[in-house]
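Chains as they are written, first to last, in UniProt numbering: chain A, 1 to 458; chain B, 1 to 458.
Treat the hints as calculated values from the structure; they're not laboratory data.
Everything numeric in this text was worked out from a predicted model, so none of it was measured.
A portion of the hints provided could be inaccurate.
Copies of the same chain look alike in the list, so a pair counts if it works inside one copy or between any two.
DSBU-like mimics (lysine-lysine), calculated; alpha carbons at most 35 Å apart, straight line [what the hints assert, rightly or not]:
no.	residue 1	residue 2
1	K341	K28
2	K232	K428
3	K388	K263
4	K240	K183
5	K104	K48
6	K104	K235
7	K305	K222
8	K48	K232
9	K94	K428
2 protein chains.
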Amino acid sequence: MKLKLLLSFSILLTASISQAQDSLTIRKIYDEALVNGQAYDNLHYLCKNIGQRISGSANAQKAVDWSKKLMDSYGFDHVFLQEVMVPHWVRGDKEVAKIIDGDKEIAVPIVALGMSVATPKEGITAEVIEVQSLAELKTLGESVIKGKIVFFNRPFDPRFIETGRAYGTAGDQRFAGPAEAAKYGAVGAIVRSLTEIIDDYPHTGTTRYGDIKIPAAAISTKGANLLSSMLKLKKLPAVKFYFKQNCEQLPDVLSYNVIAELKGTENPNKFITVGGHLDSWDLAEGANDDGTGVMQSLEVLRILKTIGYHPKNSIRAVFFMNEENGDKGGEKYAELAAKNKEEHIAAIETDEGGFTPRGFGFTGLSAAALKNVKQNWKPLLEPYDADKLIAGGGGTDIEPLRTAVPSIILIGYLPDSQRYFDLHHTAKDVFENVNKRELELGSAAMASLIYLIDQHGF
Amino acid sequence: MKLKLLLSFSILLTASISQAQDSLTIRKIYDEALVNGQAYDNLHYLCKNIGQRISGSANAQKAVDWSKKLMDSYGFDHVFLQEVMVPHWVRGDKEVAKIIDGDKEIAVPIVALGMSVATPKEGITAEVIEVQSLAELKTLGESVIKGKIVFFNRPFDPRFIETGRAYGTAGDQRFAGPAEAAKYGAVGAIVRSLTEIIDDYPHTGTTRYGDIKIPAAAISTKGANLLSSMLKLKKLPAVKFYFKQNCEQLPDVLSYNVIAELKGTENPNKFITVGGHLDSWDLAEGANDDGTGVMQSLEVLRILKTIGYHPKNSIRAVFFMNEENGDKGGEKYAELAAKNKEEHIAAIETDEGGFTPRGFGFTGLSAAALKNVKQNWKPLLEPYDADKLIAGGGGTDIEPLRTAVPSIILIGYLPDSQRYFDLHHTAKDVFENVNKRELELGSAAMASLIYLIDQHGF
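Chain A extracted, bound-state conformation:
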């Protein structure tokens, strides 16, 4: 009995010394991020000196070159590129759209959806059929839809607290709506921008075609509300819609994932990855989507190196290429992980904006392991308001790792979600909408979690 007691006591003591050490290291991580943080300045360079960097563009290549040089400058153990072929879609001239109400024409803001085909040179003019869901297309059928422009207008549901869920729920209209409308003979598709905010900024984003490709664009929420209210009047002659875009799919281009690594002192072939995507949409600077993510990931490595932490396992910051319209970088990273027989413990993705941290979502943890994580790590992250540790999470870039390395734990970094879809995929996604401290706190939260995973595993 005595021995057992002594043993328990010694385990408790060890646990408490270890917790104290963890607490000290995490404080060091935060101090480094908040006092000497470099993510904000790096992001400024990426946004203002390079700017938009859609896959396959000259700017995407500039971003690759600069990122590699930046990583080299920090003196990490290993910096390298992974070759990956990516699609090269170009928007072409600024899109034009009008609501035509008899003799009256009202210009409305649209943007072509990513990967969309062009309209004919003279544009498309057609009557409009408004729907709230993909299912409605089936109900209406080809007799109603044929020759028309389908207008998907189901709004964001504001009742979701986490805005990503509203995006997920409304998103099928953009991802799958145009392909579905084409099946019923629609000549074009116009999708309400995926946002709750009512303004004049249309939100782009990829659409996925089936066999038939019809021109597809997003309309601003103000434009959508106007169009919808005019359609409701059911005037004769019927309201028509005109739009013109000359976007184009060019041949695939050789591009790169850009990777920095701190070598593991005990398990160099075991990896913990943190990453975001380097490519962006072409309408602005890709500041929150996902300049913040890549610059935070790099900062995680910089912080760990600067405070003199020597990880047991190898830690990688990965700037994935082509998240926005192809996911080719994420697929390549997973493919090479499998091919090179890398053991991947965990991967964190930061692609929900550089906003104030809330916590992390975990995929692949058993209920018991998640309970442990909460019990042991929540108290360490609570003083930093980054202690929301929940089941479910990951990201597009790391998702392919799940198949490639089935034992991996995928982790989504969860910043506060309220402002993201005000900016997402619009001309407003600029550096000025990133807050320095929020960005820095995110880097620190991820560096802290990686430290804990590296020290204790799951």
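Fit chain B to the supplied structure of chain A, relying on the hints for placement.
Quick look at chain B alone, frame taken from chain A:
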């Protein structure tokens, strides 16, 4: 034994039915805030149609009149004003300041501190002595300080996670620095703006004089860095500073707290208060300080009324007057509470910006009561990310209630703090820097807490 078991079971059942009811009501509150929220539009009116509303100004009176009318329009049980005399300080002409380096003069942005006296008409020109703390003044003594301008330049400490703590730590330079410098014969005081951000916007705010009043102003952080670096060069002739301001203290003015009330169905003389302050600084629109707070408070009442909730206790939304430079409204509210023998259960203050909710801080709860609050209410607030329930909190306006009604629980609403001091007391505190959803979630969080207090007490 059986009876006891049955009893326990029935208590458990009651608890669980009550928790389920609470959960449903809170969901209703959030739905109403997020789907039909009016706080954002009301705030827009206050910011754009009234604008700055410093105590004693014509705009402050406009804000009182409009607020009263707005409250009347909602049909609450009781809407009334409380008379209160408030100071009337005016800034006068735009301030001018220059660093004088021999023949060179460099303009820098300053603003007079609230309640500061004017400089002589021709301004003040004097040598500058930079200090990091009030204690340093004593060390330097009158022989060094006399005839000089004291420049308080201790920066915000970025290591605090909650920025309010950095404000608290650096704040003595503004509150007490000028009065202290005057004791040693300083002819003026220049205070580094209370913010971490490095930019050209000076932050005003009240300073408190002793017997000797010297002109006092805040300098932008960029200006402060420039001045400090020039002083470090120790050139001869010494760098001088020039500033000119003609602010003025006019006679006190009659003003008002504006109050709306839902009458308690069981305890009409027991009160739960939620409030912010209607007055603002004069440099912008007082959007986050504290337009968001008053509009959220009103929205709390609107939500509870709209969902058909009939509170047991009376619930008040209070628009306090004169928080920024006198606290006269808060003092009056407490004075009348005592005089009218009102029983006050709790008061929540929302005066830290309309940012995304984190939770609440409680003052006056025993450790056991706080534990109960956490145990029972945290699970209900967790789905809404508003479940940080901590010891300590309140606000300037409700603080006098602590003496007037010693049994009261004071509660500070805790929004995320990262962005507040970028804007606080500057020309940037405008409507455009408020996010609609963040504002609405705050109203819903406070309405939910008030519902729980009203139902269950502490």
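Quick rundown of the hints versus the structure:
1. K341 with K28: The answer is within: 34 Å in one copy meets 35 Å, while 52 Å across copies does not.
2. K232 with K428: Within one copy only: 31 Å inside, 41 Å across.
3. K388 with K263: within (29 Å within a copy, 38 Å between copies)
4. K240 with K183: Answer is within: at 21 Å inside a copy they meet the 35 Å cutoff, but 77 Å across does not.
5. K104 with K48: Result: close only across copies, 33 Å inter versus 40 Å intra.
6. K104 with K235: Result: close within a single copy only, 13 Å intra versus 71 Å inter.
7. K305 with K222: between (48 Å within a copy, 31 Å between copies)
8. K48 with K232: Intra 44 Å, inter 33 Å, cutoff 35 Å: inter-copy only.
9. K94 with K428: Answer is both: 16 Å inside a copy and 33 Å across each meet the 35 Å cutoff.
The earlier numbered hints are all upheld by this structure, with none contradicted.
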